[in-house]
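*Asks:* What follows is the residue order along each chain.
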Amino acid sequence: MKIWIKVQSDGLIINRLLQDDPPVDCELGHWVPAVHPFLGPGWRILSNGDIVRPESFGTGVVTKNAFLARLSDSERQLLAETSETNSQVSAVRDYLNSLEVVNLYASQIGLAIGVLVENNVISKDRLPQITKLSTASEEPQFALPTLPSETEAP
Amino acid sequence: MLYHKPSQTAFVLVSRAASTALKKYLIEIGFKYPLVFAPNKAGYYSHATYAAAIAQYPNLANYTTYGVFRDPLDRFLSALRFLWKNSVDNPSVVGHDISLCSSYDEIVHEIFNWDPQFQTGSEFTQEVFAPQTDWLAENVQIIDYRDIGNQIRSITATQNSSGLEFRRTNASPTHSFAAASDTVRQFVKSRYAADYSLAAANSIEVPSA
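Protein sequences appear in the order of chains B and S.
Start counting the first sequence at 0; every next residue gets the next number (numbering that gives the first Met the number 0).
Start counting the second sequence at 0; every next residue gets the next number (numbering that gives the first Met the number 0).
What the hints contain is simulated information worked out from the structure, not anything from laboratory work.
Cβ coordinates follow ideal geometry from the N, Cα and C atoms, glycine included.
Be aware that one or more of the hints could be misleading.
Claimed, not checked - Away from chain B, derived, C-beta distances all over 12 Å, residues of chain S:
| no. | residue |
| --- | --- |
| 1 | HIS3 |
| 2 | ALA9 |
| 3 | ASN61 |
| 4 | ASP114 |
| 5 | PHE117 |
To be verified - Just the calculated beta-carbon pair ranges, DEER-fashion:
| no. | chain 1 | residue 1 | chain 2 | residue 2 | range |
| --- | --- | --- | --- | --- | --- |
| 6 | B | GLN7 | S | GLU164 | 33 to 41 Å |
| 7 | B | ALA79 | S | SER153 | 49 to 57 Å |
| 8 | S | GLN7 | B | GLN18 | 36 to 44 Å |
| 9 | B | GLU80 | S | ASP146 | 36 to 44 Å |
| 10 | B | ARG75 | S | GLY162 | 20 to 28 Å |
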């Protein structure tokens, strides 16, 4: 099953579906495959390539190894258990497992943390310990591509 | 690929050929970096080939498109150092812990077992070790890596009204590996024969040829 997100022309994601075929409807916005499995309503793709998470998700960027190392045993257990029943958490777990060159994707790890907080795998109170801001050398130097609007398209 | 609609100019990004610096510079002067979805995987290309970009955005075929060509040996050694550094953080990057390797020969042995045709397993390493001909299609105008600063400034003179400097970023780490052996050089000549032919056809001087 693919994850599809519906993006408005201003970059705001307004819907998310899990199905094989592209969704079809006539509402404002267009459906595209999700670049990251945890993207959903409330996230926004900016024209400069940044992806902005909803404010409620908090801030923080951390690499995969550092992130996993900072989880407690009980949080690891909860991540495993929750991913069995929650497709969003499952997608994040699979995504974390699929990463190979972690430093390239540091910002995306930060996004994943937001999903885990939203789904109560990690308590918000734990964010200061878990999501320590990365050093400059860990910060991704890589802008993310964006889907151009109809007027911006080449 | 990045494009500038008003001037109908585009650049393909060739992995390990100043692509990060070029992307950063071009975005800052107003180029767009569009999503190019990879048909056979869930995500997108970070270094979309010319063909993949055209498939999703057909009008890019009407743009004047440029791409950077780097001496295949320099590019290959840069990729090895890049993966060597990353393997310290995550040995699974190439399926082997090459962080313990102390020479280019050892890394080539670990990753390729000296088979020039060997295709690595991960999408990331496939891209890093792909020949430049994957990106530098027939209608892509080639920029010589050694003169990249001057050429980029010249090509983007009209878009770069603020006089932004082109600066190199994300260079592979320097490391005290000894110079590439003749065996490694032969490996590169064989693996990247198409790149050497491309350079010759475009009269680009390649020191390792």
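*Asks:* If you check each hint against the structure, which ones fail?
*Replies:* Violated hints: 1, 2, 3, 9, 10; rest satisfied.
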